[in-house]
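Number of protein chains: 4
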Amino acid sequence: MREELLKAIREALNGDPFARLLGIEVQEVGEGYGRASMRVRADLLNSQGFAHGGAIFSLADMAFAAASNSHNKVAVALSVNVNYRRPIGEGTELLAEAFEESLGRSTALYRILVKTKEGELVASCQGLAFRMDRDFLGERPASGDGPN
Amino acid sequence: MREELLKAIREALNGDPFARLLGIEVQEVGEGYGRASMRVRADLLNSQGFAHGGAIFSLADMAFAAASNSHNKVAVALSVNVNYRRPIGEGTELLAEAFEESLGRSTALYRILVKTKEGELVASCQGLAFRMDRDFLGERPASGDGPN
Amino acid sequence: MREELLKAIREALNGDPFARLLGIEVQEVGEGYGRASMRVRADLLNSQGFAHGGAIFSLADMAFAAASNSHNKVAVALSVNVNYRRPIGEGTELLAEAFEESLGRSTALYRILVKTKEGELVASCQGLAFRMDRDFLGERPASGDGPN
Amino acid sequence: MREELLKAIREALNGDPFARLLGIEVQEVGEGYGRASMRVRADLLNSQGFAHGGAIFSLADMAFAAASNSHNKVAVALSVNVNYRRPIGEGTELLAEAFEESLGRSTALYRILVKTKEGELVASCQGLAFRMDRDFLGERPASGDGPN
Numbered sequence: 036m037r038e039e040l041l042k043a044i045r046e047a048l049n050g051d052p053f054a055r056l057l058g059i060e061v062q063e064v065g066e067g068y069g070r071a072s073m074r075v076r077a078d079l080l081n082s083q084g085f086a087h088g089g090a091i092f093s094l095a096d097m098a099f100a101a102a103s104n105s106h107n108k109v110a111v112a113l114s115v116n117v118n119y120r121r122p123i124g125e126g127t128e129l130l131a132e133a134f135e136e137s138l139g140r141s142t143a144l145y146r147i148l149v150k151t152k153e154g155e156l157v158a159s160c161q162g163l164a165f166r167m168d169r170d171f172l173g174e175r176p177a178s179g180d181g182p183n
Numbered sequence: 036m037r038e039e040l041l042k043a044i045r046e047a048l049n050g051d052p053f054a055r056l057l058g059i060e061v062q063e064v065g066e067g068y069g070r071a072s073m074r075v076r077a078d079l080l081n082s083q084g085f086a087h088g089g090a091i092f093s094l095a096d097m098a099f100a101a102a103s104n105s106h107n108k109v110a111v112a113l114s115v116n117v118n119y120r121r122p123i124g125e126g127t128e129l130l131a132e133a134f135e136e137s138l139g140r141s142t143a144l145y146r147i148l149v150k151t152k153e154g155e156l157v158a159s160c161q162g163l164a165f166r167m168d169r170d171f172l173g174e175r176p177a178s179g180d181g182p183n
Numbered sequence: 036m037r038e039e040l041l042k043a044i045r046e047a048l049n050g051d052p053f054a055r056l057l058g059i060e061v062q063e064v065g066e067g068y069g070r071a072s073m074r075v076r077a078d079l080l081n082s083q084g085f086a087h088g089g090a091i092f093s094l095a096d097m098a099f100a101a102a103s104n105s106h107n108k109v110a111v112a113l114s115v116n117v118n119y120r121r122p123i124g125e126g127t128e129l130l131a132e133a134f135e136e137s138l139g140r141s142t143a144l145y146r147i148l149v150k151t152k153e154g155e156l157v158a159s160c161q162g163l164a165f166r167m168d169r170d171f172l173g174e175r176p177a178s179g180d181g182p183n
Numbered sequence: 036m037r038e039e040l041l042k043a044i045r046e047a048l049n050g051d052p053f054a055r056l057l058g059i060e061v062q063e064v065g066e067g068y069g070r071a072s073m074r075v076r077a078d079l080l081n082s083q084g085f086a087h088g089g090a091i092f093s094l095a096d097m098a099f100a101a102a103s104n105s106h107n108k109v110a111v112a113l114s115v116n117v118n119y120r121r122p123i124g125e126g127t128e129l130l131a132e133a134f135e136e137s138l139g140r141s142t143a144l145y146r147i148l149v150k151t152k153e154g155e156l157v158a159s160c161q162g163l164a165f166r167m168d169r170d171f172l173g174e175r176p177a178s179g180d181g182p183n
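Protein chains in written order, with the numbering used here: chain A, 36 to 183; chain B, 36 to 183; chain C, 36 to 183; chain D, 36 to 183.
Since the hints were derived computationally from the structure, they do not count as laboratory data.
Any given hint might turn out to be false.
To be verified - Cross-link-like lysine to aspartate or glutamate pairs, in silico, EDC-like; alpha carbons within 20 Å at most:
#, chain 1, residue 1, chain 2, residue 2
1, C, K150, B, E136
2, D, K150, A, E135
3, B, K150, C, E135
4, D, K150, D, E125
5, A, K150, D, E136
6, D, K152, A, E136
7, D, K150, A, E136
8, A, K150, D, E135
9, C, K150, B, E135
10, B, K152, C, E136
11, C, K152, B, E136
12, B, K150, C, E136
Just so we're clear, the structure is a prediction, and the values are computed from it rather than from any experiment.
Turn these sequences into a full structure, and let the hints guide you.
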């Protein structure tokens, strides 16, 4: 039952139009956990020829969305801090994992790491989510009103 | 002369493949200043139907890149903090402006605001850049080695 | 009436034991605004002889507390990002100002700048506050339960 | 030899005047690791009667200083992001640990966790340090010029 819900959340996230545009795949949604992957295509590079900071952030953000929505309450990003640690060239496969550090009633905190397949750290993030009073999947669908 | 350089930096940034994928346009590069725009197309939405956090971040990042490279020394993002303040629907025109708060020898700090055309705050960021010993345009082109 | 409330909030903040320990004075509380000052005493230095990062942060935090509690709803810090820009020696007078960037129902965002009297930037912060359903002063006093 | 150097760094940090004012003790300095403790005395509280955010940050900052100076190159804080997760009452013993996530030539990144003795998460931080070309202990003592 729980497994089915996590699978349905993963499928919903893989329908995310922006993630599809970038070729990001949400590989796993666990309770308080998310993992996503992305290959650095030529159109994800910046003008210097390296993986764009926005593309790396977006990959981290999808892992964060997976972990923070895994409790089937809609969670939206309030604040994210990202530190970039290594330039990445075209063709590299990147993996992002999000881990729940703290789950509160209204907010939850995640640590998100982006690495190469070889385990080299590319970016490290903290993500704070606001948890809304609505189901991610189910009878109380999300609308636009939030924490602000 | 200075105006020509700023214009050339703007043109180089508008050749950025990832910015083109998202439809981001760098509109202005001044000394310590950058401005970029983006229309929230259907393929920039998340699975809930709002502008994706990664797309909004990427717009801010392009304004940050414009401001931080405006001195014609290659600047790379070390750390960015983003706070999201408002959900945004499809079709909205967003504008990001980056302002230099502090310019040091090795690092520089920027404040980046993303707003709607009506001036509503969508996201507010701090961006810290590492300044490398190479020209952004000119005889000492960028390579992959950086602050780390 | 409003002026009296703002003055009472300032007085309550100036009774803050930790602020007193550091010699921090809250100078002004306006709607969505706060200002605090601190002299860098010998016991606020680090082992290298410069103003301690924790002391500078604490000064910024008091300006943030002033601004975020100015609406007389208890506001607690969720997330703060600080960038340090300049080493400061003993005896320097520092001034912190907090400005409200966005006021939401549950959260609010502030920009906090720490400067010398000469206006040199020492630290620049973003502070995100959670707004609780209790008065800062008045009939519904604060307790320990919060956003988490 | 290495052990003696780490011990000397710990002793130097325990001479930090601000840490002494707050009763912070650096308990351990390892390579890329630091641990510090603090008891929440009455004069470390805020006006609401809970441990002050500035005091909790300062404890985290000392663990960060321990870890980032453990290579005996002077490291100064560039940027710190802190998320607060739990209000803390008087008398609580807090423990901060800093872990090195990435060590670069000019910058290094740390994860810092503040917990109660029972292991409850109080605050989670990311700290970015600038590494200077001077020894923390030894023949090339620190001066005020830094990354900016």
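Is the straight-line distance between the alpha-carbon of D:K150 and that of A:E136 20 Å or less?
-> Roughly 12 Å separates the two Cα atoms, so the pair holds.
Would you mind confirming whether the straight-line C-alpha gap from D:K152 to A:E136 stays at or under 20 Å?
-> holds (17 Å)
Is the straight-line distance between the alpha-carbon of C:K150 and that of B:E135 20 Å or less?
-> holds (16 Å)
Holds or violated: are the alpha carbons of C:K152 and B:E136 at most 20 Å from each other?
-> Measuring from Cα to Cα gives roughly 17 Å; hence the hint holds.
Straight-line Cα separation of A:K150 and D:E136 no greater than 20 Å?
-> holds (12 Å)
Verify the proposed pairing of D:K150 with A:E135, using a straight-line Cα cut of 20 Å.
-> With Cα atoms ~16 Å apart, D:K150 and A:E135 stay inside 20 Å; holds.
Going straight from one Cα to the other, do B:K150 and C:E135 come out at no more than 20 Å?
-> OK: B:K150 and C:E135 at ~16 Å, within 20 Å.
Straight-line Cα separation of B:K152 and C:E136 no greater than 20 Å?
-> Given that 20 Å is the threshold and the Cα spacing comes to 17 Å, the pair holds.
Restraint status (C-alpha distance of C:K150 to B:E136 at most 20 Å) = This hinted pair holds, its Cα atoms lying about 12 Å apart.
Would you check the hint for B:K150 and C:E136, treating anything up to 20 Å between C-alpha atoms as holding?
-> Given pair B:K150, C:E136 holds - Cα atoms ~12 Å apart, limit 20 Å.
Hey, A:K150 versus D:E135, does the alpha-carbon distance stay inside 20 Å?
-> holds (16 Å)
Measure nothing beyond the straight line between the CA atoms of D:K150 and D:E125; if it is 20 Å or shorter, mark the hint as holding.
-> holds (15 Å)
The earlier numbered hints are all upheld by this structure, with none contradicted.
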